[in-house]
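Asks: Sequence:
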Amino acid sequence: MDAAQPYKWNFALDAFMSENYDFGDDSLNAIYQKAKANQWDVNTDLDWSSELSADNPLGMPDGTLLIYGSDVWNKLDAKGRAEVRHHSQGWTLSQVLHGEQAALICASKLAVAEESLSARLCAAGQIMDEARHIEAFGRLVNDKLPISYPMSQSLKSLLGDTITSSHLDITNLGMQVLVEGIALSLFQSIVAYTQDPFIRDLVTRIQRDEARHFAIGRITLCRVYKEMTDTERKEREEFVAEGAHTLHEHLCADDIWEPMGLSKKECGHLVRNSPVTSSMRRSIFRRLVPTIREMGLLSPRVQRVFEQLQVMDYAAMPLPA
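Numbering that gives the first Met the number 0 applies: residue 0 is where the sequence shown begins, and numbers increase by one.
Derived from the structure by calculation, the hints contain no laboratory data.
The C-beta atom is built at its ideal place from N, Cα and C for all residues, glycine as well.
Please note: incorrect hints may appear among the correct ones.
Below, computed lysine-lysine pairings styled on BS3-like, alpha-carbon distance capped at 25 Å [stated by the list, open to error]:
1) Lys155 <-> Lys263
2) Lys264 <-> Lys155
3) Lys233 <-> Lys155
4) Lys7 <-> Lys143
5) Lys143 <-> Lys78
6) Lys74 <-> Lys233
Computed Cβ-Cβ distance ranges for the label pairs, DEER-style [said to hold, decoys possible]:
7) Pro319 <-> Asp13: 44 to 50 Å
8) Asn42 <-> Glu234: 22 to 28 Å
9) Asp46 <-> Asp229: 50 to 56 Å
10) Ser278 <-> Val111: 38 to 44 Å
Generate coordinates for the entire structure from the input sequences, incorporating the hints supplied.
Replies: What follows is the structure in structure tokens.
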């Protein structure tokens with residue numbers, strides 16, 4: 000990874016201290032109780048002695064690679080194809096790891112600034128979850144993958160806006176819904192397709208934690224947005240539209256081609272125009288779109304963006320379990 004100095008994002012917020020210890024929010028309290036019951040230890044609950052495949056560390060089928068089946072892919076020999084797997088998987092897990100660190104920052108912010116005591120307890124539980132995810136993915140990236148990457152410019156832009164927003168609900172929306180929603184779908188794909196039992200075990204555990212975080216954001220924000228004015232809601236709709244487009248571009252993984260000696264322009268064109276790749280990237284939005292609908296943020300502007308990304312059909316579907 001890039002060894003440059005860490006990013007510094009400034010934000011101001013009010014800290015809330017309750018004198019009324021009323022745990023009356025049944026929905027959030029249930030999630031908090033589940034969080035306590037489902038804690039796990041990275042060191043003792045995972046078998047780190049497992050050896051991953053040298054050619055395919057995540058044990059994923061080649062059909063999940065962005066340039067699979069293209070002329071570029073078909074011309075590669077076995078060594079070249081292994082290199083594509085290394086860079087693709089290393090980039091993916093590196094971006095997930097960066098997202099987990101940002102989630103830790105956002106959860107800390109929510110734990111300080113949420114007015115609801117139940118919401119603050121949920122955020123406090125999430126802080127421990129995110130610390131564990133950083134430990135797990137950090138160990139995986141550092142010790143078991145041959146390639147790692149710095150944060151993509153697209154992800155950096157979205158995380159910066161999410162973390163530094165003066166509106167707490169936008170921090171919640173950007174992290175718990177946009178980023179966590181995309182991450183959850185990605186984790187589900189890894190669990191469904193990986194042939195490596197260690198990877199499946201690790202990602203399944205993290206996926207369960209992330210599902211709770213996503214639920215916290217959905218429950219909290221559905222309530223908040225019912226009470227907002229049209230002007231306030233419009234600002235959130237714009238944030239969703241821009242965030243969805245940014246994440247869609249992020250998933251093109253433009254950073255990985257030149258380090259392999261491949262044409263960034265050619266591979267970027269392939270990724271954006273391949274029906275197979277489009278279907279894979281589309282599926283990552285299957286959780287996000289119905290959630291935005293449920294929150295009442297599916298404005299004409301957001302609908303246009305979802306139509307451009309070819310994911311608007313998910314708006315008619317129920318939220319995945």
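Asks: Indicate, hint by hint, whether the structure satisfies it.
Replies: Outcome of the hint check:
no.: 1; hint: Lys155 <-> Lys263; result: holds (20 Å)
no.: 2; hint: Lys264 <-> Lys155; result: holds (21 Å)
no.: 3; hint: Lys233 <-> Lys155; result: holds (23 Å)
no.: 4; hint: Lys7 <-> Lys143; result: violated (29 Å)
no.: 5; hint: Lys143 <-> Lys78; result: holds (18 Å)
no.: 6; hint: Lys74 <-> Lys233; result: violated (48 Å)
no.: 7; hint: Pro319 <-> Asp13: 44 to 50 Å; result: violated (35 Å)
no.: 8; hint: Asn42 <-> Glu234: 22 to 28 Å; result: violated (43 Å)
no.: 9; hint: Asp46 <-> Asp229: 50 to 56 Å; result: holds (53 Å)
no.: 10; hint: Ser278 <-> Val111: 38 to 44 Å; result: holds (41 Å)
This entry does not satisfy hints 4, 6, 7, 8, going by the numbered hints stated previously.
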